[in-house]
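Residue numbers (this note's numbering), protein chains in the order written: chain B, 1 to 123; chain E, 1001 to 1107.
To be clear, the hints were calculated from the coordinates, so they are not data collected in a lab. Mixed in with the good hints, there may be bad ones.
[Claimed, not checked] Straight-line distance between alpha carbons at most 27 Å, and here's what the computed DSS-like set of lysine-lysine pairs gives:
hint: 1; chain 1: E; residue 1: LYS1042; chain 2: B; residue 2: LYS12
hint: 2; chain 1: E; residue 1: LYS1103; chain 2: B; residue 2: LYS74
hint: 3; chain 1: B; residue 1: LYS43; chain 2: B; residue 2: LYS87
hint: 4; chain 1: B; residue 1: LYS43; chain 2: E; residue 2: LYS1107
hint: 5; chain 1: E; residue 1: LYS1103; chain 2: E; residue 2: LYS1042
hint: 6; chain 1: B; residue 1: LYS12; chain 2: B; residue 2: LYS43
hint: 7; chain 1: B; residue 1: LYS13; chain 2: E; residue 2: LYS1042
hint: 8; chain 1: B; residue 1: LYS13; chain 2: B; residue 2: LYS87
hint: 9; chain 1: B; residue 1: LYS12; chain 2: B; residue 2: LYS87
hint: 10; chain 1: E; residue 1: LYS1107; chain 2: B; residue 2: LYS12
hint: 11; chain 1: B; residue 1: LYS43; chain 2: B; residue 2: LYS74
hint: 12; chain 1: B; residue 1: LYS87; chain 2: E; residue 2: LYS1107
hint: 13; chain 1: E; residue 1: LYS1042; chain 2: E; residue 2: LYS1107
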Amino acid sequence: EVQLVQSGAEVKKPGESLNISCRGSTYSFNHYWIAWVRQLPGKGLELMGIIYPGDSDTRYSPSFQGQVTMSVDKSISTAYLQWSSLKASDSAMYYCARDGSGSHSDSYGMDVWGQGTTVTVSS
Amino acid sequence: AIQMTQSPSSLSASVGDRVTITCRASQDIRNKVGWYQQQPGKAPRFLVFAASGLQNGVPSRFGGSGSGTDFTLTITSLQPEDFATYYCLQNYNTPWTFGQGTKVEIK
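Only chain B is shown next, with the shape it has when bound in the complex (with noise of 0.2 Å):
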């Protein structure tokens, strides 16, 4: 089964960094883009930004540029999302997703998502 396994959930102060992942399993992990999406609480879903791990090509949200890093390791088919200095404000549930295209230069949609990872940034 096609499964993407995210990080466990995390309590931080602001201020703080962070490195959440998510591991993918039972497919060809280069050749997919992963995107990262948030959701606030009580909130809709936003697009983060996308990487492919092949080549680590990375497309990044307007609203998340600066704000986050993206990464891979494709020895271990995982993915990061990281924060150098958290804000209260990142308080939210962090989900990755596959976009089940295979290819590069095309998309096909979310088809499999990871379990989320709840970030809570308190003093």
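Start from chain B and add chain E according to the hints.
The following block gives chain E in isolation, referenced to the frame of chain B:
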């Protein structure tokens, strides 16, 4: 960035009703729209690709249509498990963008 305007933001319906949700894109995006369902406390689920293609395992009461700028998700006979929030997403170009969501509630 392409904006996706989704309507209504919420609706009340009964089991067995036909429900229609629309998304309008701020520019021509051909058929590059998908639809997602999110039940409370769960990750989103992919329902429709390329505006009208039904993802594997999705019941046939779900259907999508449209091209260009106007898109529709229809549920022909609402079932209890369909009460959820629905989102459109354009994947025509980056940054991909979601609509604001439509919450389908029980009347």
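Right, here's what the structure says about each hint:
no., hint, verdict
1, E:LYS1042 - B:LYS12, "holds (23 Å)"
2, E:LYS1103 - B:LYS74, "violated (38 Å)"
3, B:LYS43 - B:LYS87, "holds (18 Å)"
4, B:LYS43 - E:LYS1107, "holds (22 Å)"
5, E:LYS1103 - E:LYS1042, "holds (14 Å)"
6, B:LYS12 - B:LYS43, "holds (21 Å)"
7, B:LYS13 - E:LYS1042, "holds (26 Å)"
8, B:LYS13 - B:LYS87, "holds (8 Å)"
9, B:LYS12 - B:LYS87, "holds (9 Å)"
10, E:LYS1107 - B:LYS12, "violated (40 Å)"
11, B:LYS43 - B:LYS74, "violated (32 Å)"
12, B:LYS87 - E:LYS1107, "violated (39 Å)"
13, E:LYS1042 - E:LYS1107, "holds (22 Å)"
When the structure is compared with the earlier hints, violations turn up for hints 2, 10, 11 and 12 and for no others.
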